[in-house]
Structures are given as structure tokens and as C-alpha cells.
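**Student:** Residue-level listing of the chains:
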Amino acid sequence: MRHIISLLMENEAGALSRVSGLFSARGYNIESLTVSPTEDATLSRMTIVTSGSDEVIEQIYKQLNKLIEVVAVMDLSEGEHLERELMLVKVRAVGAVREEMKRMTDIFRGCIIDVSDKTYTIELTGTGHKLESFLQAIDRNLILETVRTGASGIGRGDRILKF
Amino acid sequence: MELTGAEITIRCLQEEGAEYVFGYPGGAVLHIYDALFTQDQVKHILVRHEQAAVHAADGYARSTDKVGVALVTSGPGVTNAVTGIATAYMDSIPMVIISGQVPTYAIGEDAFQEVDTVGITRPCVKHNFLVKDVKEIANTIKKAFYLAKSGRPGPVLVDIPKDISNQKTEFSYPSSVNIRSYHPAQHSCMEQIKSALQLLLAAKRPMIYAGGGVILADASKQLTELVHLLGFPCTNTLMGLGGYPATDKQFVGMLGMHGTYEANMGMQYCDVLLAVGARFDDRVVGNVKHFNQEKRKIIHIDIDPSSISKRVKVDLPIVGDVAHVLGDLLAELHGSKEKPDQQAIAPWWAQIKEWRCKNSLVYKNSDEIIKPQFVIEKLYEVTQGDAFITSDVGQHQMWAAQYYKFDKPRRWINSGGLGTMGFGLPAAMGVQLAHPNEQVACVTGEGSIQMCIQELSTCKQFQLPLKIIMLNNRYLGMVRQWQQFFHGNRYAESYMDALPDFVKLAEAYGHVGMRIEKPSDVEPALKEAFERKQQLVFMDFITDQTENVFPMVQGGKGLSEVILAEDL
Chain Z
1 MRHIISLLME NEAGALSRVS GLFSARGYNI ESLTVSPTED ATLSRMTIVT SGSDEVIEQI
61 YKQLNKLIEV VAVMDLSEGE HLERELMLVK VRAVGAVREE MKRMTDIFRG CIIDVSDKTY
121 TIELTGTGHK LESFLQAIDR NLILETVRTG ASGIGRGDRI LKF
Chain H
1 MELTGAEITI RCLQEEGAEY VFGYPGGAVL HIYDALFTQD QVKHILVRHE QAAVHAADGY
61 ARSTDKVGVA LVTSGPGVTN AVTGIATAYM DSIPMVIISG QVPTYAIGED AFQEVDTVGI
121 TRPCVKHNFL VKDVKEIANT IKKAFYLAKS GRPGPVLVDI PKDISNQKTE FSYPSSVNIR
181 SYHPAQHSCM EQIKSALQLL LAAKRPMIYA GGGVILADAS KQLTELVHLL GFPCTNTLMG
241 LGGYPATDKQ FVGMLGMHGT YEANMGMQYC DVLLAVGARF DDRVVGNVKH FNQEKRKIIH
301 IDIDPSSISK RVKVDLPIVG DVAHVLGDLL AELHGSKEKP DQQAIAPWWA QIKEWRCKNS
361 LVYKNSDEII KPQFVIEKLY EVTQGDAFIT SDVGQHQMWA AQYYKFDKPR RWINSGGLGT
421 MGFGLPAAMG VQLAHPNEQV ACVTGEGSIQ MCIQELSTCK QFQLPLKIIM LNNRYLGMVR
481 QWQQFFHGNR YAESYMDALP DFVKLAEAYG HVGMRIEKPS DVEPALKEAF ERKQQLVFMD
541 FITDQTENVF PMVQGGKGLS EVILAEDL
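Just so you know, the protein sequences line up as chains Z and H, in that order.
Numbering of the first sequence is given in our numbering, commencing with residue 1 and proceeding in unit increments.
Numbering of the second sequence is given in our numbering, commencing with residue 1 and proceeding in unit increments.
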């Protein structure tokens, strides 16, 4: 089953490699991993999307907690949570396609953030599912490149991951 | 007064009460060696290969309750040390490794003797640090010792670039350490202790399975008292030997791949299992599916939550320091109105006695040829069961574990998790330094000993009167045994050809060498060796080439699917 795990860790050199090394050494899946400093500059927050049996997820949770630099871990998918991912898509946009692309972007509540005579770059935010739907909705042949951040997650309401 | 980073490093070791540093100098640690030279509180033991430095620090740590310390240079110094570090990591041994690194300005430029030490060692340390500021050295070393010893112990590496060890700053050693992200468990909640006791008291077929955690937590006293009060059978893992007295009547022997019949059957068919500081590893429970076919309630005490329900699902986890938890269990038992019902478990004991009658450790002795088991039995007798025994890895290791009855903790020193050949001799050096007046023997084979044999030179330099008990069967015996059982007697590369004359070799290093070829000479030779209290004696026992280790639970098989010597 797919799980989305949030963790806070010391914002130190090498911290990311401890986490990614743990996943590769123990053969756990990583679907995506995002990391960035938080409002507290000493802490980084990471969102890891992974999958596995209940036993494997329990081990992932425990092994992450065991890393010395990890301050807090939460399996967001155990409760109510929100999940967002950012995608940038560069498409070929000439002639009639320009209008069509603009319309699709509006439908998906994205925005066009860069325009050239032949291309648009579209910014889109949402769940991974929504981003995929967008890619399926437009003409595949027009896609020049895509880049996705991987999911960031946060608990709903009072579910707060804090040190 | 300002001190250099190197001087601070040594001052930190002094503050931590380190008696010995096991190491090998090189370019990146020259400043640190210079600082070592100008003091005599911390003694340096010069090994002949960095792997041995780490094993020696490891043996020192295992035989005491202290943190072992090793010091190596950058690049090959570190890569040589990795085997030792991984060995300590797998067995949760508290250790601090200080490594030199190329200067900070050269890091990343493929400098001479540069490796990414923090990267290479990351998967086999509890934690590691690269110190980039001289002001951080003291604090980092304080943290390193704290991390190494607390919680589930383990090796911690501190990498110090050469320019940092030469810069100066004020020195003050922190009196305490606080790591906000690290809070090892201590006490567990009393509710779980109560539930555990209820389960134990209701058991009809109980079993206590204790591992290396008992030794690391210095909890053998509490374990022994609990087992006696409950009247239950107790088994030890390879790492746990000595955690419960082997000569006690409630001890059913070691369990696992080469465990006794009664221990493995008891483990398989118990209805309540109390696991203490053990981790249900593949060499212990064999096939998990097979193990799970029998229904039983499992209580698991361990300091490391990730050890619980990793391979075998546990019903009642108790996370905490083994000594504390056992203490709580004892207190609860003393205060409880309910007492263990010996009548209720009498049929179970009768069953265990029946299994015991299989006499699974029996072997056919000989007047002609030395049986390896016989050597260990005689070693046990000659040393009155009171020696520190280190071992390498292979058949000799299993025989030592089976036939030397360890009554005390920290006397059996072997590489259980990683299974590192070459461990025994350097580990014995660390043990002998920690216990200068005790008998220390290294049980080894002609394969393993050659992996770190250069340390005979270190033993000469530091006058370490070890007794090396080499069971020489001219084969990599455990490999040969598997080839015999599972590979149609095709002995691929397991024959040890072109062996040196070990007697002459020992003499060349300045020690005493003995070759023993007849069973009747075994005991007198051992006696003579142990009477030579000031000398290292290298004993080359020419043993039966075809002897195998029994009982044996094959990899992938269940605990009750055991092969006994009589089956073949």
C-alpha cells in the first residue's frame, strides 16, 4: 500500500543521504522524496512517498526514527492529510493549439508562466493523480518536457508534525 | 590556554577515561599522533593492520563495559578499518573510531589518501561526524562517546581533517550532552510489565530466549534471578552465551543453526516465549514461516524498537533497557500474590528432558586422531571454565560455543552478526589488555588465523601472553561442511593448501609454537601452554579433517527439522 511519510530532521550536511541510504540499503521503495528547510532554519522537512506491506511500513517508520538526526516522524497516510505536488510542463504551442492549451490550463487551474513563440510553460499544482490527469488530457505529442517536485504532505487540522 | 585540535582530541579521550587507543599512524593523523606522544595517560597500541585496531578495540569493549577506541588515518586506513567497524555494528559494540581526513580545503579534489569516510562508513556505524571546525571537536567527541554507549550501543566515527587537527582554540570539555533528536528508551510502562508477568505465569510450556542484549546491558544477574524464580528453561543465542550460566540445570544450551536439540525444540513448541535482548535472526529461528506454524505468545524485551516485530511478529513488545525491564519484572513478581506454578510446567520439563536425552552434542571420540570438540572440552577443563575465549568464524567457533560452558558474561567474544574471519586474534589482544591477569585464549582455525596473523607481531611488542588454540583441519571447515551437505561433495576452493609451519611461524614472531597431533597429548599440551603465563603460545592442533558441526538446522529449514550426528 502507498504511504506518505513526513519527517523533521536536523538541517545538516549528509542528512539526506542518511535517509536515502537507509531506503536503498534495506530495499525499501521510494516513489518520491522532497526535502527543504523549514521556518526553523535548523530543521529540514522531508516528505517520502513509499509503498510496502504493513510490516515493511512499520520497519520504515522505526528505522527512520532510529536515525540519530531524525527529530520526528509521522505516517501521514494513517490519518487525514493533504498532499500537493508541483509540476512544470513545457508544451509546443503554435497556431490553434495555443488557445486549446490555455483552456486546458484554466480547467486544471494551472497557469502559464512562460511564453515563447512556439512554447508555453505551464505550472500546475495538485495531487499526483491530478497532474497525471492533465498529462492525459492534452496531446502527448505536444509535451516537450515535464518536471515534478514529488509530493509534499501535511496533516489536516490538528495533526501537526512539530518538534 | 589554546590547544590544537589534535591536543583537544587526546584531552577528550583522557576525559572519557580511555585507557587504550588501538591504531596505526599515517599522514592525516600525524598531528594527533604528535599529541599522543607528549602524554602518557592514554596508551597507544600499535597494530599491524587497521582492521586489527578496530577488532582489538572491539574485544576490549566486549570484555569490559567500556567504549573501545581506535585511531586510523584517512583513505586506506579507513577502508581497512571498515570490516572492523561493520563487525562492531552488527553486534552493537560501543566504540569510537577517530579517523584522519585530508585537509578541508582538499576535500573533494581526489587528494592523496582521500576517501569519503563518512559516506563509506554510513551504513555500518550508529552515527558518524565530519568535523569542519576546531571548536566542534570537543563537543563532537563527547557526543560520539555518548551515542556509542547509550541506547542500543554501536560504533561511532569522528572524521577529523588534518588542518582542523592543527588549528587552535580554547579547550573545555562539555560536562553533559543533549541531542534533541535522540532519546533512547529507558523504562517501559508498568502496564506492559504486568501483562508480561500474567502471560508468563499462565504459561504451560514457557521458554526464555536471551541474546547479546543481556550482556550489553549487564543484565545477567537479573536474568538469572528471574529464570530461577520462574523455574523456566532458558536458552542463549550465540551472542548471549554467558548471559545465563551454562552449567545451570535450567539452561538448555545454545539455540539456532547449531543449537542443541532441546533448545530448538523448546523454542519451536513453547506456548509463551520471553525474548530478552535478542532479535530472532535467520541463524536463530531459521524459516520464519515454519516457526510461525506453531501458535505461541511472544513477549519481546529490547532497547531497539526496530528489532521488535522485524522478522517475527511479537504479541507483547517491551521497549527499554533490558536490565531495567528485567528489574521491573522481578519487582512485580516479588510483589505479586500469584507465584509460578511448578506443577503446571512439570510435563513441559519432562518433555524437555526427553529431548535432552537425544544428547545432541555427542560426538565419537578417537584415540588416533584429535577430535576438535575434544580440544574444546579439554580447554574448558584446563582453564576451569574461567578463561576469556575469543574466536574466529567457522566450525571452530561453533564448537567453542557448544562445548565451552560459559558461566559468566563477557567471557565469550566472537563476531556473531557479521561473521568476520580474522576477528579472534586482534580481539584477544584487546581482551588481554583489559584483563592483564586473566587467561585469554583465541580459538581459531588455520583459515581464519591467516586473515590477521600479522598481529602476532603486536602481541610480541606488547607482551600479550595469549593462548592460540588453532583447530587445524586443513580445510575451510564450515565451507567444506556445506559443500558436503549441499553441493555434492564438490570441495571448491575449501582445501587449505601450502599452509605455513605454524610452529616455526610463531617462533619467528618470538613466541612459543606447539604442534599437537595425538589425542593423548591434548591435555598435557594445554596445561603446559597455560602454565607459560608470560608467553604467547601458538597451539597447532592437527584435527580430524572430516568432522562436522552438529546439530544442524539448514538455512531455510525450521527449528524442528534438525540434522543430528546420528542421522548421518
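Source of the hints: derived by calculation from the structure; they are not laboratory data.
Treat the hints with care, as some may be off.
Unchecked claim - Sample of chain H residues with no beta-carbon within 12 angstroms of chain Z, all distances over it, derived: (1) Leu-3; (2) Asp-116; (3) Gly-151; (4) Ser-306; (5) Ser-309; (6) Lys-310; (7) Trp-349; (8) Ala-492; (9) Lys-518.
What the hints assert, rightly or not - Each computed DSS-like pair below joins lysine-lysine, with the alpha-carbon atoms no more than 30 angstroms apart: (10) H/Lys-557 with H/Lys-460; (11) H/Lys-249 with H/Lys-337; (12) Z/Lys-66 with H/Lys-289; (13) H/Lys-313 with Z/Lys-66; (14) H/Lys-132 with Z/Lys-162; (15) H/Lys-297 with H/Lys-310; (16) H/Lys-337 with Z/Lys-62; (17) H/Lys-66 with Z/Lys-66; (18) H/Lys-168 with H/Lys-194; (19) Z/Lys-66 with H/Lys-149; (20) Z/Lys-62 with H/Lys-43; (21) H/Lys-135 with Z/Lys-62; (22) H/Lys-249 with Z/Lys-62; (23) Z/Lys-62 with H/Lys-194; (24) H/Lys-295 with H/Lys-194; (25) Z/Lys-66 with H/Lys-337; (26) Z/Lys-162 with H/Lys-249; (27) H/Lys-43 with H/Lys-194; (28) H/Lys-168 with Z/Lys-62.
Every residue gets a Cβ at the ideal spot worked out from N, C-alpha and C, and that includes glycine.
**Student:** Against this structure, judge whether each hint is valid.
**Tutor:** Do the hints match the structure? See the list:
1. Every beta carbon of chain Z lies more than 12 angstroms from that of H/Leu-3, the smallest distance being close to 26 angstroms; the non-interface claim holds.
2. The claim that H/Asp-116 is not at the interface with chain Z is violated, since a C-beta of that chain comes within 12 angstroms of its own (minimum 10 angstroms).
3. With a least CB separation of 9 angstroms from chain Z, H/Gly-151 falls inside the 12 angstroms interface cut-off, contrary to its annotation.
4. Consistency note on H/Ser-306: stated as away from chain Z, yet its beta-carbon is not over 12 angstroms from all of that chain's, at 4 angstroms minimum.
5. Taking the minimum C-beta to C-beta distance to chain Z, about 7 angstroms, the non-interface status of H/Ser-309 is violated against the 12 angstroms cut.
6. Look at H/Lys-310: its CB is around 6 angstroms from the nearest CB on chain Z, not clear of 12 angstroms, so calling it non-interface is violated.
7. With a minimum CB-CB distance of about 35 angstroms to chain Z, H/Trp-349 clears the 12 angstroms threshold, and the non-interface call stands.
8. With a least beta-carbon separation of about 29 angstroms from chain Z, H/Ala-492 lies farther than 12 angstroms from that chain, consistent with its non-interface assignment.
9. Every Cβ of chain Z is farther than 12 angstroms from the Cβ of H/Lys-518; the closest lies at roughly 50 angstroms, confirming the non-interface assignment.
10. Distance check on the hinted pair: H/Lys-557 and H/Lys-460 sit about 46 angstroms apart at the alpha-carbon level, beyond 30 angstroms; violated.
11. Distance restraint check for H/Lys-249 and H/Lys-337: the Cα-Cα separation of roughly 26 angstroms lies within the 30 angstroms cut-off, and the hinted pair is therefore satisfied.
12. Using a Cα cut-off of 30 angstroms, the hinted pair Z/Lys-66 and H/Lys-289 holds, with the two alpha carbons roughly 27 angstroms apart.
13. Between H/Lys-313 and Z/Lys-66 the alpha-carbon distance is near 19 angstroms, which keeps this suggested pair within the 30 angstroms criterion.
14. Among the hinted pairs, H/Lys-132 with Z/Lys-162 is consistent with the structure: their alpha-carbon atoms are about 29 angstroms apart, no more than 30 angstroms.
15. With a C-alpha separation of about 16 angstroms, the suggested pair H/Lys-297 and H/Lys-310 falls inside the 30 angstroms cut-off, and the hint holds.
16. In summary, the hint linking H/Lys-337 to Z/Lys-62 is not supported, as the alpha carbons are separated by about 37 angstroms, beyond the 30 angstroms threshold.
17. Distance hint between H/Lys-66 and Z/Lys-66 is fulfilled; the C-alpha atoms sit about 23 angstroms from each other, no more than 30 angstroms.
18. Restraint check for H/Lys-168 and H/Lys-194: not satisfied, since their Cα atoms lie roughly 56 angstroms apart, outside the 30 angstroms limit.
19. Restraint check for Z/Lys-66 and H/Lys-149: the C-alpha separation of about 15 angstroms stays at or below 30 angstroms, so the hint holds.
20. About 39 angstroms separates the Cα atoms of Z/Lys-62 and H/Lys-43, which puts this hinted pair outside 30 angstroms; it is violated.
21. Proposed proximity of H/Lys-135 and Z/Lys-62 is contradicted: the alpha carbons are some 33 angstroms apart, above 30 angstroms.
22. Using a Cα cut-off of 30 angstroms, the hinted pair H/Lys-249 and Z/Lys-62 is violated, with the two alpha carbons roughly 38 angstroms apart.
23. For the proposed pair Z/Lys-62 and H/Lys-194, the alpha carbon gap of about 25 angstroms is at most 30 angstroms, so the pair holds.
24. With a C-alpha separation of about 22 angstroms, the suggested pairing of H/Lys-295 with H/Lys-194 holds against the 30 angstroms cut-off.
25. Of the supplied pair hints, the one linking Z/Lys-66 and H/Lys-337 is violated, its CA atoms being roughly 39 angstroms apart against a limit of 30 angstroms.
26. Restraint check for Z/Lys-162 and H/Lys-249: not satisfied, since their Cα atoms lie roughly 53 angstroms apart, outside the 30 angstroms limit.
27. Between the alpha carbons of H/Lys-43 and H/Lys-194 the distance comes to roughly 48 angstroms, so the proposed pair goes past 30 angstroms and is violated.
28. A distance of roughly 41 angstroms separates the Cα atoms of H/Lys-168 and Z/Lys-62; the hinted pair therefore is violated under the 30 angstroms criterion.
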